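Residue 282 in the numbering used here sits at position 58 of the sequence shown; the count goes up by one each step and never skips.
Possibly wrong hints are sitting among the right ones.
To be verified - List of simulated lysine to any residue pairs, SDA-like, C-alpha gap at most 20 Å:
| # | residue 1 | residue 2 |
| --- | --- | --- |
| 1 | 272 | 230 |
| 2 | 278 | 229 |
| 3 | 278 | 225 |
| 4 | 272 | 242 |
| 5 | 272 | 237 |
Since the hints were derived computationally from the structure, they do not count as laboratory data. None of the values given here were measured: they were computed from a predicted structure.
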Amino acid sequence: MITMSENQLMIERYRRIRRAQENQVEVEMPEYVLTVEGEGLTFQMMTKDEILLKGRLNCLRVSSYEKPTGV
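Turn these sequences into a full structure, and let the hints steer you where they fit.
Given below as structure tokens:
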């Protein structure tokens, strides 16, 4: 689940963070990959189930990923 408010993005039930940079964060979700692009992105809170990102949010992109075979 993704919840967005002014300059904040709450991401719940994620699997792992694939990449974290000041202008781009890539998060693996159970069924897709979420890419957040923006400026000054910082992690305000992070637990094993939730991430709270803060910064200027410019673009959210959802893409599919291939699951490993045999799983």
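**Study point:** Numbered hints the structure breaks, given as an ascending list
**Key:** 1
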